[in-house]
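**Q** Chain A is already provided as a structure; the job is to place chains B and C on it using the hints.
Protein chains in written order, with the numbering used here: chain A, 1 to 163; chain B, 1 to 180; chain C, 1 to 418.
Some clues are possibly wrong.
What the hints assert, rightly or not - Here are some of the chain A residues that sit facing chain B, going by a computed Cβ distance under 8 Å:
(1) L9
(2) P137
(3) P144
(4) M152
(5) G156
(6) L158
(7) L160
(8) P161
(9) K162
(10) K163
Since the hints were derived computationally from the structure, they do not count as laboratory data.
Quantities reported herein were computed from a predicted structural model and do not represent experimental measurements.
All C-beta atoms in this analysis are idealised placements derived from N, C-alpha and C, irrespective of residue type, glycine included.
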Amino acid sequence: MTPENQQVLDLLRAMHADAIVAEAEFRDELTVEVKPERIVEVCRFLRDDPRTVFDLLADCCGIDMYTPTKRFGVIYNLYSLKRRHRIRLKTFVEEESPTIASVTGVWGTANWHERETYDMFGIEFTGHPDLRRMYMPEEFEYHPLRKDFPLMGIPGSLELPKK
Amino acid sequence: MGLESAMGDGYIATKLEWIINWCRKNSLYPMPMGISCCAIEMMAAAGPRFDIARFGSEVMRFSPRQCDVMIVAGTTTYKMAKVVRKIYDQMPDPKWVIAMGACTSSGGMYRTYSVVQGIDQFLPVDVYVAGCPPRPDNLLNALILLQGKVQRGECRGTAPAMVGDFGGKKHQQQVTLQLP
Amino acid sequence: MEQRPLEQIKKTKILEALENAHTTVSFEDPLGSEMVLNMGPQHPATHGVLRLLIKLDGETVLAAIPELGYLHRGYEKLAEASTFHEFIPHTDRLDYLSPLSNNTAYVLAVEKLAGIEAPRRAQFIRVLISELARISSHLMFLGSLAMDVGALTVWMWSFREREKLYDIFETIAGARFTTSYTRVGGLAQDVTPDVLNTVKLFIDEFPEKLEECAKMLNTNRIFLGRTDGVGVITREQAIDLGYTGAGLRACGVGHDLRRANPYLVYSELDFEIPVYEGGDSLARYYVRMDEMLESAKIVQQVLAKIPAGPVHASAPKKVLPRKDRVYTKMEELIHDFMIVNFGIEPPVGEVYHAVESPKGELGFYLNSNGDGHPWRLKIRSPSFVNLQTLPIMTKGAMISDVVAIIGSLDPVMGEADK
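Chain A extracted, bound-state conformation (with noise of 0.2 Å):
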């Protein structure tokens, strides 16, 4: 493991060693999977600490892993501009009531992101300041990335103008 990674590990296992789930490392980078209820905690924590201080959210995604339990995961990329370390934060949730608590409160740039993963898999995000679809039209009923929604989508589902 590289030392900077292990230096973040460390931080979090010393800090927060009950909201890590597992952790992993390949290519080197470091990626933690944390508890959803302790999500924005760790990520304060991580922005705030001046030995991490990662302050971009570089990137936050959902994905459907398509398993009977833990379905729909968040991804968050987090990098540091001062330290120019990167590492990944991971959680998931489960199909019956995917909600998990918004971090627009730590990274302002979660917002539209988060938007995003709602339009797309559906997953709810408490808290979160305006939680509309981002691409799809607001009639839309479905979320396309699940991995049961079919690449051509669903014949009437979104209406053309007639000729």
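**A** Structure of chains B and C alone, referenced to chain A:
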């Protein structure tokens, strides 16, 4: 009138129509519905190298009320289709549509849930231009074909002509669209 | 076209969001006219299909909310259905002003996942095409911004330069701008020496041509009046909103991924990162003009340093073999068949790789489960994130400044909408 009885019925009206069509074809103001990558090639066609102004399409008027031909350039999604149709409805008659690129002709490389598989599903198209994106020369060829249609007085998507790698004029096929 | 009576116009969620948008601007307008203006998806100055709903008080913008999705083509779902190689043409159409840059970014992410490294010559050529793509994209920015504020001549001049670049791309890759030139493990084909000569001829005279355009604009009273102090964003707001690219460097943050986390051979090249204070449209314009000159410097160095060698990595099960070998040798035929039909099969894992594209930080998050096609591909597009700053930048500005602000932000809807 004496001339009509000498030359046949509708002689003056035909000549007048020929003159009017000639004026129309040499001053087709395009309405650039530039949506994505094809819009860049459309801009290049308006640029200094492939000058579209020498064909009479001097300005790309962005107001639909002042345009004759709508060049739909770029992938049309279902969300955008309503907007395109609205703008098409606002254009005054006679009006023509050039479907530029593979995405507008048939959905292109995007067989997905949000892309309309060809704008002829909601618009009557006059000329299809193949390419992804078509070169500006290809677009100018489409404009010349369209000028031929205008001279013949065809309008509203009857008998669309296809432009692509079909060779010269004599290889192009006329396809009749069955309009509902 | 039927008219809808006012009551029937449904109060859509976006209008509610516009009403609730927090505004700190108060303006005493004697006519007392507050209205909602729709700068629709079809507009000459919105750089593509961007829809803006603006709450106006007379001519002053109180709040602006962008609406995207008019060009949403379903890229991420397409990626789950295509192999890694099949997705390369789709990356051209993301930021369609600099397709070679997107090709390079995607292929670097796949190579990181699969654990391959391209040979040195391929890396130098990738740097060359990335920088030429950056020049092409910034020239388009220059032309559009100038056209939006009224200087149409500069648009014509920048398009003249772009046409020369298109000729170069055509000789390198075969297409004017949807090139699909890079491949996993290298490039599609090598460049010939006369291509490099053409590049050298172009880049030798490029600084003077840029100087012509700069002379038209840099001291022009109208241009300065329309961009100076317009669309200001502070450093903290920019970092909080994830704003990357030339805009971030115009706020005083010297962050460039080519220096911060070097990829390809940028660590061996000598170039500077232009940083300006101010955070307004003029600063963004200056940053991009200087970046073009720095890119020209990089291209000169690459042309001098480019080594000889192969342009395909030697990892037979993952890199597409050369076509002449496919037709004559058995193993290459089998590998070609397997790679094209079943895809390269990288190990199970996930990577996120970001490059400095002309618009900002372009990142690809790839999650693979050992299959030939990705389980999840997320495109972190810079224009999508940069557009989030629009409500802050336009607050308190005049309606005509909105056009200049969008021009200086330089969004490309192909990647913002994916």
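**Q** Indicate, hint by hint, whether the structure satisfies it.
**A** Status of the hints after comparison with the structure:
The beta carbon of L9 of chain A is not positioned within 8 Å of any beta carbon in chain B (closest approach about 40 Å), and the interface hint is therefore violated. Nearest Cβ of chain B to the Cβ of P137 of chain A: about 5 Å, under the 8 Å cut. The hint holds. Checking P144 of chain A against chain B by beta carbon gives a least distance of about 6 Å; that is within 8 Å, so the hint holds. Hint status for M152 of chain A: holds, given a least beta-carbon distance of 6 Å to chain B, under 8 Å.
Checking G156 of chain A against chain B by beta carbon gives a least distance of about 11 Å; that is not within 8 Å, so the hint is violated. Nearest Cβ of chain B to the Cβ of L158 of chain A: about 4 Å, under the 8 Å cut. The hint holds. Because the beta carbon of L160 of chain A sits about 5 Å from the nearest beta carbon in chain B, less than 8 Å, this interface hint is met. Taking 8 Å as the C-beta contact cut-off toward chain B, the hint placing P161 of chain A at the interface holds, the least distance being around 4 Å.
The closest approach between the C-beta of K162 of chain A and any C-beta of chain B is roughly 7 Å, which is under the 8 Å cut-off, so the hint is satisfied. Because the smallest distance between the Cβ of K163 of chain A and any Cβ of chain B comes to about 5 Å, under 8 Å, the interface hint for this residue holds.
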